[in-house]
Each structure stands twice: as C-alpha cells, then as structure tokens.
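Participant: Here's the letter readout for the chains.
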Amino acid sequence: MNPWLLLLIPLIPALSAALLALLGTRLPYNAIGGIASLAAAGSLAIVLCFCGAGVFGAGQPVDFDTGPWIATQAFQAGLHLHLDSLSLCMCLLVTFFGFLITVYSIGYMRHDSEQGRFFASLNLFVASMLTLVLADNLVLIFLGWEGVGLCSYLLIGHYWKQEDVPLAAFRAFFVNRIGDVLFILGVFTMFSLFGTVSLSELALHGPALASIHSGQAALAALFLLGGAFAKSAQAPLHVWLADAMAGPTPVSALIHAATMVTAGVYLLARLDWLYAVSPEARLIICLCALTTLVLGAVLALVQTDIKKILAYSTLSNLALMFLALAAGSTGAGLLHLFGHAFFKALLFLAAGSVIFAAHHEQDVRHLRGVLKKLPVTNIAFLVGCIGGACLVPYLAAGFFSKEAVLGALHDAEFEGFGFRLSGHIVHGIVIAVELLSVVYLFRLYGYLRSDSAGPVVPKPVKGGTAHASKSGHDSHGKDDHAHGDHGHGGHGGVIKETSPTILGVLGILILAAPIFGWLSASPSLHGNGLIWKIITGGGAEPEGEALGHLWIPLVINLILAAAVFAVFSNGKRRESVLGLLKGLRFGAFGPLTRKFYFDDVYAALITTPLKGAAYLSRLILENIFTGLPTVAGMLGRGLSLGLRRLQTGKAHQYAIGVLLAVFLLAFYLGGH
Amino acid sequence: MNFPHVFTLPNCLALSLTLVLIGSYGVFRRRSLIMILLSVEVMLNGVNLSMVSFNFFRWGTQESSHYLYMLSIGVAAVEAAVGLSMIIVLFKNYNDITRERVAHLGERA
Amino acid sequence: MPVSPLVEITFALSAALILISSLAVVLIKNPVRATLLLILSFLPTSLVYILLQASFVGILQILVYAGAIMMLFTFVIMMINPAPKGGESPLAGVESAFTGLRGAVIGLLLVGVAGALLIPQVYRAAAQLPVEPVTKPGFGELSSIAAMLFEDPSNNPLTVSFELISFLILVGIIAALNFSRRKGAAPAKVDSISTRPTETLPVIKREPALDRKPA
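Chains as they are written, first to last, in this note's numbering: chain A, 21 to 692; chain B, 2 to 110; chain C, 93 to 307.
One or more of the hints may lead you astray.
[To be verified] For lysine-lysine, the following DSS-like pairs were computed, each having C-alpha atoms within a straight-line distance of at most 25 Å:
(1) K93/B - K670/A
(2) K121/C - K93/B
(3) K181/A - K631/A
(4) K393/A - K516/A
(5) K670/A - K228/C
(6) K592/A - K392/A
(7) K516/A - K392/A
(8) K592/A - K393/A
Read the hints as simulated data drawn from the structure, not as lab findings.
My request is simple: use the sequences and hints to build the entire structure.
Facilitator: Structure (structure tokens):
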C-alpha cells in the first residue's frame with residue numbers, strides 16, 4: 021500500500037480542522053458537522069484499507085518518512101510515521117470513535133452557537149491523536165501529545181461563558197502541562213542514554229543498553245511515567261479529569277473515555293521493554309494505579325452528576341490498564357484499553373442522550389425515570405452497564421479484558437526500593453473494586469430507570485453554590501449546578517428521544533460493544549484470540565482463569581447488580597437505604613466530600629505559593645518598574661519647577677542674578 | 002612703637018570689595034527704587050576706590066586711573082539723572098516706587 | 093618704606109567710617125537719612141583718596157559726587173516723598189522671596205558667601221604683588237593730570253574721550269527731558285509697563301505733598 025496514504029490518515033482531519041476554523045462562522049450548521057464527519061470518515065476509510073493490507077498480527081509494518089525534520093549533528097528526528105499492528109489498532113480505535121462521535125455531535129450540538137470551533141477542535145483532536153499513535157519517534161509523539169492536550173483544553177472550555185468552565189479547562193491544561201514537562205525530561209534522558217529517540221531503533225537496541233545502565237533507564241522510565249500519569253489521570257495528577265466533565269458530553273466520550281486518556285497507556289505499551297528492566301518504575305505504577313483505582317471507585321459511589329460518576333469510573337479503569345502494564349502484561353493492558361473504550365464511550369454517549377433529552381439536566385436525582393421515555397438510550401445504558409460491570413461473558417465488552425488483567429496480576433511481583441508487593445494482594449484489591457464498580461454503575465442505572473415516587477430533591481438555583489472547580493462539591497448533601505449554554509430551564513419540556521444521529525450512533529455502539537466482547541475472548545476461554553493476536557502483534561497470552569472458575573464471581577456480580585438496581589430504582593426503597601446510610605454518616609464522610617483532599621493539598625502547595633509569587637511580582641512591577649519612570653518624571657518636574665523660579669520676569673530679580681553672576685565670575689577668574 | 006602697616010594694596014582692595022558687597026546687599030534687599038539707586042552708588046564708590054588704589058600702589062608713572070575715575074563719576078552722574086527722572090515719571094503714574102510695582106518686563110496682562 | 097603712623101591711623105579711621113556709613117546707607121529706612129549718610133561716607137573716601145596721593149580725585153569726589161549727584165538725589169526725594177515713614181511702600185504686605193526675615197537671611201547668606209570666597213582671594217592674590225613706588229613728580233596733582241590729559245592733543249586719545257564725556261552728559265539731558273514731556277513723554281502704561289501689577293497691587297492715592305503732615 022502506498023505509504024502516502026499513511027500521511028493522509030492524520031492529514032485529512034487536520035485540513036478539515038483548519039478549514040472549519042477559518043470558515044466555521046460562515047457555514048450553515050449542518051455543513052459544519054457534515055464536513056467534520058466526512059473528514060473523520062475519510063480517515064476511517066483509509067485505516068480500513070490498511071486493515072486488509074496484512075499489517076495485523078505479525079504482519080509487515082508500513083512506514084512513511086519525509087526525511088529529516090529536526091536535523092542537527094547530535095540529534096535527528098524525522099516526520100516518520102510507522103504503522104504496525106498496535107498502531108493500526110489504535111488508529112482504528114481513534115478513527116472509529118472519532119467518526120461516530122462526530123456524527124453524534126451533529127445531533128447533540130444542534131442548538132449550539134459555536135459549532136465551528138467545536139468541530140474544528142474535534143477534528144484537530146483526531147488528527148493529533150492519530151499523529152501520536154502513528155509517530156515513530158518520541159518528538160513526533162510529543163507533537164501529538166501537545167495537540168491532544170490543546171484540543172482537550174479547547175473542548176472542555178467550549179461552554180466558556182459559564183462560571184466554572186474556563187477554570188476547569190485551564191486546570192486540565194495545567195496538569196497536562198506538568199506531565200508534558202516530565203515527558204520532555206524523559207525524552208532528554210532517553211536521548212542521553214540511548215542516543216536516539218526513534219521508537220523503532222529504541223525497540224531494537226534499547227533493551228540491551230537499558231539493562232546495562234539500569235539506573236538511568238529507570239530515571240527515564242520515571243519521567244515518562246510522570247507524563248503518562250498526567251495524560252491518563254492517575255494519582256496524584258488525576259485531579260483534572262472530574263472537572264473536565266464541564267465540557268460537552270461527546271467530548272467526554274471521545275477524549276476522556278476512549279482516546280486521549282489512553283495515550284499514556286499507549287506510551288507505556290510502546291516502551292514496555294524499558295519498564296521491563298526497571299522494577300522500581302513498575303512498583304510506582306502499581307502503587308499510583310492502585311490509589312487511583314480505589315479513589316475512583318469510592319468517589320463514583322457518592323456522585324450525583326451522571327458524568328462525574330462515569331468520570332470516576334474511567335479513573336478506575338485506567339488504573340486497571342496501568343496495573344496490567346506494571347504487571348508486565350502489555351497485551352492485557354491494551355486489551356482493556358479497547359474494551360473500556362467500547363463500554364465507556366457507549367455509557368457516555370447514552371448519558372449524553374439523556375442529558376440532551378432532559379435539556380442539559382445532569383443531576384441524577386432530577387433524572388429519575390428518564391430512561392423509561394428513551395427506549396434506545398435505555399438499551400444503550402443497559403448494554404454499557406453490563407459491559408462495565410462485566411456481568412455477562414462473551415457479551416460484556418469489558419469481560420475478557422478485565423479477566424486478562426486479573427490474570428496478569430495474579431502472578432506478578434512488584435518490588436523496588438527494598439519493598440515487595442505481591443500480586444495477590446493487588447489481585448484481591450482489584451476484585452473488591454470490581455464489586456464497587458458494579459454498585460456504582462447500577463446505582464446510576466437505577467436512578468435513571470426509577471419510578472418517580474419518592475421525595476423530590478429541590479432543584480438548585482442556576483449557578484447555585486458555584487465555587488471554582490478546585491473545591492468540588494459532588495457528594496450527598498451538596499448540589500451540582502446544571503450545565504447548559506442556553507436557557508433551557510429545568511424539566512419543563514417533554515422528554516423524548518432527540519436526534520437521529522444520536523440514536524444512530526448509539527445503535528451502532530450497542531451492536532459493536534458485545535461484538536468486541538465476543539472477539540476479545542482468549543483461546544483458553546473458547547474464544548478465537550483474534551484480538552489478542554492483533555493487538556500484541558502475536559505476543560504470548562497469559563493464562564487466564566478457566567471459564568469454570570468464573571462462575572462464582574459472575575453469580576455474585578449478577579446478584580449484586582440486581583440488588584443495587586432494585587434498591588435505587590424504587591423510590592421508597594432508595595430513600596430508606598439512603599436514610600440508613602446517612603445515619604451511618606456514610607457519604608458525608610470527610611474524604612469523600614473533599615475528594616480525598618487532593619484539591620486542598622494542591623491548593624496549599626501550589627496555587628497559594630503561585631498566587632503569592634504573582635502578587636509579589638506584581639508589586640515589584642508596579643512599584644519599581646513603573647516607579648522608575650515616575651521617579652524620573654518627578655525629578656524632571658522638580659528640576660523644572662526649581663529652574664522656573666529663575667525666570668520670573670521681575671527686573672530686580674534679574675539684576676540680582678547679574679550681580680551674583682559677577683561675583684561667581686570674579687571668584688572663578690581670580691584663580692580660586 | 003611699631004605701628005602696623007595697614008595702608009597696603011590688599012587692604013584697600015578688601016575695603017573696596019566690602020563696599021561692593023555692602024552695596025549689593027542693598028540692591029538685594031531694598032524695595033524702593035531710590036534706595037536701590039543709592040546702593041548702586043555705594044558699589045560705584047567701592048569700585049572707584051579700587052581703581053585709584055591700584056594706580057597708587059602698582060603704577061606710579063601715570064595717573065591713568067584718575068582719569069578713569071573721572072569717567073566713572075561722569076557715567077554715574079548721567080545714570081543717576083536718567084534713573085531719577087524715570088522714578089519721577091513712575092511715581093506720577095503709580096504713586097508708588099516699590100520695585101514689585103515695576104517688576105514685570107514685557108508681559109501684557 | 094617707612095611706616096608713617098599718621099597715614100596708617102588716618103587710613104584705618106577713614107576705612108572704618110566708610111564702612112559704617114555705607115552699611116547705614118543700605119540699612120536705614122528713611123531715604124533722606126540714607127542720602128545724607130551716603131554723603132557722609134564720601135568724606136572719608138575723599139580722605140583716602142588724598143592718602144593715595146590722588147588729591148584731585150579727592151576734591152572731585154566732594155565736588156561732583158557729593159555736591160552734584162547727591163543733590164540730585166536729595167531733590168528727587170524731596171519731590172517724590174515716597175512715604176512719610178520711610179522708603180518702604182505701605183504695601184509691606186506684599187511678600188516675595190526676598191522680603192522680611194527670610195530675605196535678610198538669604199541676602200546675608202549670599203553676600204557673606206561671596207565675601208568669604210572673594211576676600212581671601214584678594215589677599216592671596218594681591219599680597220604677592222610688590223609695591224611699586226610713585227616715581228612721577230607731582231603725582232596726582234591737578235597740573236599733572238592736566239598735563240596727561242591735554243598735552244599733545246593730536247596724539248592723545250585721552251583728550252578726545254575727555255571731551256566725549258560731555259556728549260554723555262548731553263545724552264543724559266536729552267533722556268531726562270524726554271521723560272518729562274507731557275504728551276507721550278513717559279512710556280505709556282500699555283507700552284512698556286505691564287498693567288498686571290495694577291490688578292494685583294492696588295494703586296495708592298495719596299494726599300498732595302504740600303498738604304503733608306509732618307512726620
């Protein structure tokens with residue numbers, strides 16, 4: 021296949037983005053969405069062409085190289101795109117979801133007035149992400165890395181006129197920026213150690229060098245880890261993901277569920293040979309991912325905003341992917357990446373459908389029973405929840421991927437810094453968190469499917485207790501304000517299925533998610549192992565649990581799901597349980613309401629000193645640097661005022677002046 | 002008794018300089034025009050003294066300074082005459098000879 | 093040169109008198125008294141001139157300076173009679189930088205500094221100059237001066253300039269006459285003297301001089 025087609029994959033959306041950015045305000049709305057979707061479809065089409073070209077598995081990679089881009093004596097980097105099995109899968113993921121979500125957005129953003137910018141950013145995001153996954157050297161990856169960060173900022177801040185949104189967008193960008201700095205440091209360390217930043221060369225020569233200079237390799241691994249953590253929202257850099265839900269729901273689906281947050285996972289997957297030789301780095305990944313896993317699950321239990329529940333769920337699942345990578349099984353991590361993309365995107369898009377139908381109401385307590393009026397969305401939600409909770413094997417999109425992760429963890433060992441963590445412990449924690457994920461997903465589904473009985477929680481005032489997104493108020497007892505860029509107030513309208521594009525996309529994903537689940541089964545579980553082979557390029561599979569051993573956890577999950585659903589879908593039952601829990605002071609628990617105090621720590625450590633420094637520098641600037649010209653001006657003025665006294669126009673004063681001048685002259689001429 | 006020798010050129014010159022300074026103090030301080038003119042006369046007196054003493058102490062062959070003295074008092078006379086007539090005119094107009102009255106040069110309201 | 097005590101004493105006393113009376117001239121408020129004191133200061137000056145072997149100059153000092161120029165001053169003061177009390181206008185309230193105590197201090201400062209700088213300079217410079225004695229016979233006598241002025245007029249610049257003094261006096265006469273002319277005699281108020289002061293300083297109407305009450 022012609023390598024130039026490879027260039028077109030990221031180029032088409034980029035050109036479309038440029039076009040929409042320039043002409044966005046002049047085109048009719050349908051045309052904007054149409055152009056964006058066409059661009060995404062074009063990329064998808066080319067990727068599909070490549071799919072049949074024998075790249076999959078252990079096939080032949082395709083390369084596209086324009087020659088030197090950065091070419092100095094010491095350092096060379098080229099615009100080198102490399103398509104192998106993994107990057108083809110990622111491209112497929114990005115373009116597939118990119119296309120679907122762009123089409124979805126045509127319906128979702130129907131009433132929006134700034135569609136040009138939105139679709140341009142969306143296309144630019146797709147282009148950047150494609151660059152990221154197709155890049156063959158770390159510098160080009162960084163280009164895509166920055167691009168997705170930028171688009172994330174642009175898209176989160178889409179409703180910029182609302183109060184908290186610009187700050188949330190800035191927060192996401194800022195935390196990503198921290199990651200970018202660490203990433204760059206990692207690139208430098210890599211270059212200093214290996215002498216190249218090209219991924220192909222690194223994969224060839226890297227492992228040998230890395231095992232020799234393991235200290236420096238570990239340092240590089242840690243730096244790059246920092247970058248990956250920021251991009252993929254792992255602790256302690258996870259704080260931006262929940263606030264990123266301020267953006268439109270398609271954005272949350274695309275960027276913060278399926279693609280951008282997986283960039284970190286992809287990076288670590290590409291450099292897995294590096295992490296294979298640094299056990300310290302793997303230990304750190306394990307610990308941070310564990311923290312995020314538990315954090316996400318626990319906080320998702322107490323949220324009242326649909327999107328925040330799903331956001332914290334994303335945190336947990338990303339942590340799972342990192343855990344798999346830390347355990348050494350790149351394949352399991354990547355498999356879960358894809359599986360998670362399917363069910364999470366489905367959930368987000370279904371949530372978007374609900375939100376759109378309910379006129380941008382996002383509080384679940386006000387959305388009770390909504391799904392009864394939205395049949396397609398109802399099915400979508402159900403399929404997504406089943407996939408997320410892994411209830412049904414072969415049909416739940418995340419089932420086999422989670423099993424793969426668990427399998428990898430079971431035999432893993434994490435050690436470093438004189439500390440040893442057995443994989444069994446991690447395995448146990450993950451299983452516990454699995455149960456939590458069942459609970460929060462079906463709590464959400466229960467709310468949305470509940471009957472309307474039960475006390476009505478009063479609607480908050482528009483813009484209510486809105487503080488800056490730094491201090492969230494997402495728990496029982498405080499209200500989240502409704503997001504909406506138009507004055508679609510409250511529950512006044514009729515709730516029905518909205519746009520055909522939304523429904524169409526949901527329908528496609530309803531079918532696609534179980535298909536992926538089916539395809540992802542490993543051979544030991546009577547699957548064909550196709551996906552595994554494709555993703556890992558023919559790598560060895562871990563020993564998964566035999567299906568027979570899975571019956572017990574499956575049954576437990578099913579019972580738990582049913583129970584939670586029953587509780588939350590019935591108003592009376594829900595209130596009694598909630599009352600019981602409130603009596604136990606669960607939910608008003610300090611760390612839960614304050615998101616485990618991460619925001620407060622950051623505020624104290626970072627924002628307050630920065631504010632102080634900014635205040636100081638402003639003082640200095642205003643007083644000294646603007647004071648200097650003022651002093652000069654005052655000097656001049658004083659001088660002129662003083663000298664002005666000499667010119668009084670009074671004759672006798674002039675006479676006196678002459679006299680004094682004569683004296684001075686006499687003194688001078690006399691030879692002092 | 003050894004009488005101190007005070008009749009020297011430096012002393013004469015110091016005397017004339019002091020007269021000039023006294024006269025300039027008067028020019029500085031007095032507000033009436035006539036008094037200013039009188040102070041100028043004091044200054045002229047000092048200057049004349051210095052001229053003649055130079056001639057006596059340093060140049061004994063010709064009395065040139067005596068002639069300069071005559072020129073000096075001639076000029077002083079003319080200047081006093083013209084100045085005083087101006088003062089008379091001013092007094093007729095303003096009834097007031099303060100120097101602030103006639104202070105501003107060249108201003109038009 | 094032998095020190096003649098008479099000369100020294102005379103010089104010392106005359107110098108003192110000159111200084112005192114000149115000081116009094118600039119400090120006394122009454123213009124009449126100031127004028128008289130100035131005349132008084134001319135006598136010791138004349139004495140000093142005579143000591144300096146400038147007898148003609150000494151006589152001229154009395155004749156011309158005290159006799160003519162001071163008479164001029166006296167007449168004008170009598171005519172104008174600026175104020176019964178003294179030379180200061182009743183507008184003593186007009187403050188400027190040089191009035192009052194501040195003016196006195198500033199004046200003293202200026203004069204004092206000038207003096208402090210210049211007088212030592214004079215002493216330093218003049219003390220090194222050697223005294224050249226008078227060699228001309230009849231130095232300072234009228235005949236000697238006349239000989240200097242009028243001998244050989246064709247080759248003597250002093251004669252011409254001596255005669256030109258009379259032209260100078262003529263200029264002065266014409267100027268004074270011009271001032272006293274009625275129509276357009278004095279510079280019109282609008283022309284050269286600003287009308288601004290009259291806005292700020294009130295014009296004083298005073299009773300005619302003949303009806304003046306004694307001070």
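Participant: Each of the hints needs a verdict: does it hold here or not?
Facilitator: Checked hints:
1. K93/B - K670/A: holds, 21 Å
2. K121/C - K93/B: Within the cut-off at roughly 22 Å; holds.
3. K181/A - K631/A: Holds. K181/A to K631/A sits at ~24 Å (cutoff 25 Å).
4. K393/A - K516/A: holds, 6 Å
5. K670/A - K228/C: With a Cα-Cα distance of about 50 Å, the restraint between K670/A and K228/C is violated, given a limit of 25 Å.
6. K592/A - K392/A: Satisfied, since the Cα-Cα distance of roughly 18 Å is no more than 25 Å.
7. K516/A - K392/A: Holds: K516/A and K392/A sit about 9 Å apart, inside 25 Å.
8. K592/A - K393/A: Measuring from Cα to Cα gives roughly 21 Å; hence the hint holds.
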